[in-house]
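Q: Residue numbers (numbering that gives the first Met the number 0), protein chains in the order written: chain W, 0 to 222; chain F, 0 to 282.
Please note that the accuracy of each hint is not assured.
Stated by the list, open to error - In silico DSBU-like links for lysine-lysine, alpha-carbon gap of 35 Å or less:
hint: 1; chain 1: W; residue 1: Lys125; chain 2: F; residue 2: Lys274
hint: 2; chain 1: W; residue 1: Lys125; chain 2: F; residue 2: Lys121
hint: 3; chain 1: W; residue 1: Lys133; chain 2: F; residue 2: Lys68
hint: 4; chain 1: W; residue 1: Lys114; chain 2: F; residue 2: Lys235
hint: 5; chain 1: F; residue 1: Lys35; chain 2: F; residue 2: Lys174
hint: 6; chain 1: W; residue 1: Lys114; chain 2: F; residue 2: Lys204
hint: 7; chain 1: W; residue 1: Lys125; chain 2: F; residue 2: Lys235
Unchecked claim - Derived coverage of chain F by chain W (criterion: at least 3 residues anywhere in the stretch with Cβ under 8 Å from a Cβ of chain W; other residues may be distant):
hint: 8; region: 88–99
hint: 9; region: 228–240
No wet-lab data here; the hints were simulated from the structure.
A virtual CB, placed ideally from N, CA and C, is assigned to each residue, including glycine.
Residues per chain, in single letters:
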Amino acid sequence: MNFEPFILSFKLAGLTAFILFCLALPLAWYLSETRSHTKPFIEALTALPIVLPPSVLGFYILWALSYNSPLGAFFEDTFGIKLVFSFTGLVIASCLYSFPFMLQPLQNGFETLNKNMLEASYIAGKSKLTTLFKVALPNMKPALITAIIITFAHTVGEFGVVLMVGGSIPGETKVASVAIYEMVEIMDYEAAHIYSAIMLGLSFIILLSVYIFNARQNRRFGL
Amino acid sequence: MIHIDITKKLHGDQGNMLLQCNFHIKKGEFLALSGKSGSGKTTLLRILAGLENAQGEITVARKRWLHEKNSLPPQKREIGFVFQEYALFDNMTIEQNLLYVANDKRLAQHLLEMTELSEMKKRYPHALSGGQKQRVSICRALMKRPKILLLDEPLSALDVSMRTKLQNELLSLHKEFQITTIMVSHDPSEIYHLASRVVVLQNGKITNDGRVTDVLLKQQGSQKFSFQGELLEIKKVDVIFIGVVAIGQQLVEVVLSNYEAASLHVGEKITLSTKAFHPTITN
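If we strip away everything but chain W, and leave its shape as in the complex, we get:
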């Protein structure tokens, strides 16, 4: 049994979740505080991956990252990195595809925080950054956990975009979902069954643990 596709899937998902957490956190904080007219535009733009067919997103990413586009050419000429049909390209594609799944729970978490609590921290003389890490984040743990886990799980579960941007290079871009697709194609149903069952089990356990954790947190704070 070859577990390489699973390892690749989790590596991709872990990396995506980490990068997106760093990118989405400041944007979510900004969106929750701002009254600017650009807010709906940013919100609509970042929510696009939820409604767009993966093939549309995959096509644009492929087009933008390939050697024929300035971006793809720049990366290949300067750093020698090929962005399409490579793991790097997969990470970029996953980050775009899973962005709303990180941003929205975080923004929601910030927006439901008791604003007076943040103001009390400012009045206590604490900066915005201190308030963010000492008061805001510790009081929105369910939102943090939801954002990270759902992003991770959503990246493990993606298929269309990955197939278009990454193809199916063993050890490089052949993640679990793509591997299962190929097994079905070559009618290796036994392997497909095993892989699919593993995916099903893991996904359920991940989701279950999020819901159990959130229920506990809510009980603890008497919500």
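Given chain W, put chain F in place with the hints provided.
A: Then chain F, alone, in the frame of chain W:
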């Protein structure tokens, strides 16, 4: 010591309104801000704290907190603020809530002892009652040894007996720390108990300003028992009419004349008064 001269456009539930205030506060004074809800009391308090912007000037102890476009951020204004709904940091214990503001263990211990909370200092806010939470919130506001203490209807979410207890604690804290205090309240007994001066706001303007006894007693006429209430029901019993009036938490039945019964309407705000020559006072 404090000079306030500000204007701010407000969008209230009764349309647009201009908040326009100009007054001084002396050092160590306990001032109550009173007035109907929506009159701009809380906004004025938040402007003082730097949580909302406004046009005009605020000077505190010769230091400019607000001057034209320059507004000192809340972090740099030396204030303590007590929110109506406590706003404690839920992720910290009672003691940590206090030490987060200033790492002064002795002061924290002293404040917790004064408010009978030292036994609970390792507990988290969600394990406290409303009254306990508000005491923690008051202690937290004092941790920075602020120049001004701002209280936004601090006791309105509490029941009557807890309110009286906390009023006494506030009074002894004010005596000990001598902090200039501004409290939003519309409870006359609370204002009478705590404040030395009251400023009444109406539609964003100051309509009355003076000593508590002068302002509060003048409204109600002299040598009379006089209460503001709401007429809940008019009943006809045999040949007379009886009106049920709510005065604060208390329901009162009064006899109405035929003329009164005809001219009054259920739901109206009314004044109930009587000359009191020999009132019976019990406790």
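Q: Hint by hint, say whether it matches the structure.
A: So, going through the hints one by one against the coordinates:
1. Only pairs whose Cα atoms come within 35 Å are accepted, and W:Lys125 paired with F:Lys274 is rejected, the gap being roughly 56 Å.
2. For the proposed pair W:Lys125 and F:Lys121, the alpha carbon gap of about 23 Å is at most 35 Å, so the pair holds.
3. About 30 Å separates the Cα atoms of W:Lys133 and F:Lys68, which keeps this hinted pair within 35 Å; it holds.
4. Between W:Lys114 and F:Lys235, the direct Cα distance comes to roughly 51 Å. Violation of the 35 Å bound is thereby established for this hinted pair.
5. For the hint linking F:Lys35 to F:Lys174, the alpha-carbon distance of about 29 Å falls within 35 Å, and the restraint holds.
6. Between W:Lys114 and F:Lys204, the direct Cα distance comes to roughly 27 Å. Compliance with the 35 Å bound is thereby established for this hinted pair.
7. Restraint check: the Cα-Cα separation between W:Lys125 and F:Lys235 comes to about 63 Å, which exceeds 35 Å; the hinted pair is violated.
8. Note: the region 88–99 of chain F has 4 residues with beta-carbon separation from chain W under 8 Å; the three-residue rule is met and the coverage holds.
9. Check on the region 228–240 of chain F: 0 of its residues sit with their Cβ under 8 Å from a Cβ of chain W, so the three-residue criterion for coverage is violated.
Checked against the numbered hints given earlier, this structure breaks hints 1, 4, 7, 9; the rest are met.
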